[in-house]
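> Once you've looked at the hints, dock chain B against the given chain A.
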Amino acid sequence: MSSVRTVLTIAALTLREAVRRRVVLALAGLTLVMLVFSGWGFSRLADESGLTSGQTRLTASIVLNLVMFGFSLIAALGTAFLAGPTLAGETESGIALAVLARPIRRSDFLLGKWLGLVAFGCGFVVLAGLSELIVVQVTMDYWPPQPAVALAHVAAQTIVLLTLAMLLSTAISPMASGVVAVGLFGATWIAGVVGGIGASLDNDAVARVGTISRMVLPTDGLWRGAMHAFQDPSAIVEFGGSEAGGFPFLSTAPLTTAYLLWAVVWVVMAWALAANSFVRRDL
Amino acid sequence: MTAATVVHEVADLVAGLPPTPAIWCSGLRKRYGRHQAVDGISFEVQRGDVVGLLGPNGAGKTTVIKMLLGLVRPDAGEAMLLGRPAAEPSARSRVGYLPELFRYQPWLSAAEVLALHVRLSGVAVPASDQRERLALVGLAERAGDRVGGFSKGMQQRLGLAVALVTGPELVVLDEPTSALDPVGRVDVRDIVLALKAQGVGVLLNSHLIGEVERVCDRVIILDRGRVAASGTLAELLGQREVRVHLTAATSAVEARLAAAGRVDRIGDWFTVALPPDDDGSAVPDLVRDLVTLGARVHAVEPARISLEERLLGILRAADSDRGGDGGRP
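Going down the list, the protein sequences come from chains A and B. Sequence positions in the first sequence follow this note's numbering and run 1 to 283. Sequence positions in the second sequence follow this note's numbering and run 284 to 612.
Just to be clear, a hint being listed does not mean it is correct.
Claimed, not checked - Covered, in the sense of this in silico footprint (three residues per stretch, anywhere, with C-beta under 8 Å from a C-beta of chain A), are these stretches of chain B:
no., segment
1, 344-353
2, 382-390
3, 394-408
4, 526-540
Just so you know, these hints were derived from the structure itself, not from any lab. Each residue gets a CB set at the ideal place from its N, CA and C atoms; glycine is no exception.
So here's chain A without its partners, still in its complex pose (with noise of 0.2 Å):
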């Protein structure tokens, strides 16, 4: 059976696992509550009489930003916990040895679950971020400036943390791979944020903190580039310049290609080790 063939076999097979198991309606129904919610919160803030427009688009950017970071909450944490039982869940329980012994490779199947996941993730970003958008531009008539770069970084986040949860899942249990996964995005996203105010206090050791932890795992760099993209241009100024940087749902400068590159190289690594720990592995 041709590779391509066996990829586009499993990755359907994964996404039909994702709606078969209700995943997808639990997301949905999370992503309306989400929804309905901002949706009164910004029309509540928008009916907030004495704020200047530009007071009016740095409300609207850092909550837009507060609730986009929630949907990546949601795409993080559902990518993470799908990826970890597609994977050691199976292999645990014994239904990949009948689906492995068939003449698949293992990277095709790796391959083919890995995209799956992609689909549902970058999927549920696409449509929970753009339902927002649209939610935010009615209520308070504010357009991101960058709406597909801000959705394609926060889908590049959920890809990172799906990469990192399936690299987990061939070497550690289901769950425990979703917890450390999880776990490791809040760790990296707290990093981040102290080297937010390390960067506008001036204190290079404390700054270098977030530098590392976003080179490390690079979910933390690119939700910043997402924010940056959400946020009004002059939202910054009207925080007040470069102390913005301590502020963790505005970001003050968009990502470098070189970055963004890195992202690319760290996603392929880790998936070429856990193809190269699941190639291996004795089932």
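Same frame as chain A, but now just chain B:
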């Protein structure tokens, strides 16, 4: 000589070659930590042969099967499936497998599981044939039901349908009846015999010795990762016995019985193991002599050592060869 002639001659040469065995393996080894699970196993399964793998728990049976199917990497040794190196995925394109740990995607229906395996195998199997396979294992009525709601027995039946759905030339069944009721066991026996009739090679791992004895042409007995014995049932069960019901058994009669072979006595019944090189005269000669010695012969019944007795005998002999260390789990 033209190129076309050469091609024809080569084609004739290849056509004249004997078919490659369904399974060929040599010197397979696998170690898990300090435990040598498989220690130099070699055997063959010919197409159309049903070969049984027997042995105690931990003998390495499932590990051998997994190494053949590329699920476990051997530390050493080589294996071929249907003439292709087992390490290549394409070697498994005409192989069906029912794992000992049979679990199928609980969120799919039985028909969807079959369709998935057909797609992954790359073999075109019409939907009607897929439904027939489900009917063969008694799941025709449950084709559209989710596997998550199936009992263990039904999942094992589904596993059998999965193993057979692509029309394989080799079928590997690892404990295929462990969750089945007596009717299901008979169904499996019939399926295995039908596969044999179609020229399909079958490797059957089962703890149910009676099952193996009924369907297998050859048996391989594994013990602690090695082949303890192998051969056809006739070769393995070659030793025959005769049971004699006697009264008035004097010491001379008992001596004559002992001269014929090893004797086990329960009351007036004497079971005598006959020599392997018996040409058929041992029993009539024995009866004639017993009557001459004054014994009253009430019954003479031929008997054969069962595969179970033979298996236990081989395993005990292997134990005593190791100095009776008694390390069997």
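> Which numbered hints does this structure break?
4
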